[in-house]
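Enquirer: Residues per chain, in single letters:
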Amino acid sequence: MIRRIVRFLDQRTGTAPLLKKSLRYLFPDHWSFLLGEVALYCFVLLVLTGIYLTFFFDDSVAQMTYHGSYRPLDGSTVSHAYASVLHISFDVKAGLLIRQTHHWAANVFVAAIVLHVLRVFFTGAFRKPRDLTYLLGLGMLMLALLEGYAGYSLADDLLSGMGLAIGYSVAMSIPFVGANLANLIWDGPFPGSSSFWPRLFIAHVLVLPVLIGGLLAAHLVLVASRHHTQFKRSARESERHVVGIPAFPGQAPRSIGLMFWVFAVLFLLGGLVQINPVWLWGPYHVGDGTNGAQPDWYLGWLIGALRLVPGFDLTIGHYTLVPNPFWGGALFPGVVFGILILWPWLERKVTGDDAFHNLLERPRDNPWRTAIGVAILTWVFLIFVSGSADRVDVLFGIDYATQIWVYRVAIWVVPLIALFVTKRVCDELVAGERRR
Amino acid sequence: MTKLRDWLIAAGVLLLGRGSPPAPRESRPRIVAPGEPDRRAENIVLFLFVLATIAAAAFIAVYALDRLSHQTQWLGLAIGGAFALLALAGTVIAHRLVVTEELVEPYPEDSPDAQDEIVQIVEESGSRFTRKRLVTVVGAGALGTIGAALLAPAASLGPLLHTGELYRTTWRRGRRLVDEGGTPFSADAIEEGTFYTAYPEGADRELVGSPIVVVRLPPAEIRDRKDWAPRGIVAYSKICTHAGCAVALYRKPTFAAVQPRPALVCPCHYSTFDPAAGGAVLFGPAGRPLPQLPLEIDRAGNLRASGTFSGPVGPSWWGVRMGKARS
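Sequences listed follow chains Y and V, in order.
Start counting the first sequence at 1; every next residue gets the next number (the working numbering).
Start counting the second sequence at 1; every next residue gets the next number (the working numbering).
For reference, chain Y alone in the conformation it holds in the complex (with noise of 0.2 Å):
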């Protein structure tokens, strides 16, 4: 049977060989190198969910009388959006679990992805020849980040109505032409003409889904064409020789079982632990507003940014240079990217290190550049903890315009701190090494 399946489709396509190596590709051992694959299987599900749901999704905004099934909102103006996402966690068999593993899989997705590019921040992965795959992985955490953000927003419950909201005026802060793209994006001022939605919606479920599915394949095609990086465990590995384990049949089940792992998570999730109830939100509504909100997790750094930068606009005369949102919403987030996108060019150039690198470098063993990533990691993580000052102030009654005083100034102090504590643990650890 097997004989029979194989000779018809190398007759056809002529791809034995090229599924004879494909079967025998080494797959180097560790768990870290999982991650990719963990967001890779989210991906998976995000398409298969996100196709239901567009069957019972409706992407107008136009205002309609709610006569459904949650009664609390009965009678109340909301729109076709609002009452679509309703209708499908209400009255859909089985729709509400859809929806809820979908909001899931996009958190644990874009969360796998930071973890992901943590990994190969600090084992040195990126380095040539993989400094192309890195940035197409750079690529899809932006477009990840996008996408969920469209996702969410799509809901038109009030959360993604204050969410919008600010996106707009992030993109109304960019200095010179902020307006006129604003304008192009809503189609008017906010919250835009009835073009909006349905552009949001076309972004959500094809042309984001659609880069980072092109992406994927580019990063995937070259990950496999220059073969896996390794750690250096034995004296097998070598730069030029990679050890692991072939794809069949020793990786297959594996691989296989960790998707099952993923889908049994989500799907657990989905049905056990809920997210995002836009029914107690409500409808969005300009002139409407709630205390305590918080967007999804992979946000939560853009918020603490926003929150932290103290208040003016630059001005020139009567002309706004820089509106205040843009350091916290456009420009932190444009230079983390930045310097996570030129990482790999910057290191070659200040050690002038232009080899190939095949194995992996632990933490210990570049201190520096350790002790950098740390110090950005700690500064990202710090502002994205200030983000959540409110809930502490409420939750412990510590004073929230304490909170942000101490914030501004730690988000500067504690890095430079963190910088020079690894460093050194860095060179302990290497030390005691050398001393064993």
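Don't read these hints as lab results, they were simulated from the structure.
Note that the coordinates shown come from a computational prediction; the quantities given were computed from them, not determined experimentally.
Backbone N, C-alpha and C fix where the C-beta goes; we use that ideal spot for every residue, glycine too.
Some, not all, of what chain V presents toward chain Y, calculated at C-beta under 10 Å: (1) ASP66; (2) HIS95; (3) THR163; (4) TYR199; (5) LYS238; (6) VAL265; (7) SER316.
Output of the computed footprint for chain V on chain Y, the stretches with three or more beta carbons under 8 Å from beta carbons of chain V: (8) 165 to 171; (9) 233 to 242; (10) 291 to 303.
Here are the in silico distance ranges between beta carbons for each label pair: (11) Y:ALA355 to V:VAL99: 33 to 39 Å; (12) Y:VAL394 to V:GLY35: 57 to 63 Å; (13) V:THR53 to Y:SER22: 28 to 34 Å; (14) V:GLY35 to Y:HIS241: 23 to 29 Å; (15) Y:LEU115 to V:ALA152: 40 to 46 Å; (16) V:PRO108 to Y:ARG408: 48 to 54 Å; (17) Y:ALA235 to V:ILE121: 41 to 47 Å; (18) V:VAL99 to Y:SER238: 20 to 26 Å.
Given the coordinates of chain Y, assemble chain V onto it according to the supplied hints.
Expert: Frame of chain Y, contents of chain V only:
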């Protein structure tokens, strides 16, 4: 009965029998390294597959049931459980039933010869051109212009150059303040210590220039634009000048002696505005005051706008200080 017995025997043989391995077709050397059979692991995998089948079937059953309480939770448990069991089976197969041999193979390298040949092909292909640079520049110009031509229709997406709408509000002199239900606000109904959301009567509420917040302060405390605040009632745009959220919080001191004075606060980034001082920024990231709406009280005792906002409403852009709010 006989049939059932036959089935049971067959199942028993399948489960317990050793199953003879198929004879090797040709005597070729093995590619995959050999390993010992592990019947216990095999039994565990079979058992997990059966359980996964049951869990998946349970999903279908729960789905088919109507009026089940906690249906979402049961569905999640069933399908998540089915996947978890499959995942466990995969893990057992990976660790106990397939050989995990580690092999060595050389890393792929680049191909300098092919690189040289590509360069050579490209260079030789242009040998009939005499003015290569000119052709390249003019050709690139043509392609670039076509690219720009294809992008030009993107300007139809919105009013690219018409930013004048950003100054527009729905408030003008004489417009009555109404609540969410459309009832006019009487000045007597406005109390101190809380805040009210109002909309312009008969205008679109879903515009940034429409919603306002109304608060009442002791008239003596009002420091700016006293004539805009009849009986101490002041009104401001409800849209934060920082990032466009609704200013939905009112900070009211519960013990005025030690606590900061009343303020309007935006819940998104905690920009804090002073209602007694023309909406000046007290704290937070907002770069300009909250636009104030001048009020008057008509003969019926209802609140009306006596003009339009002190400045453009909503988040800042390059032109926010270059024009006035207009209705």
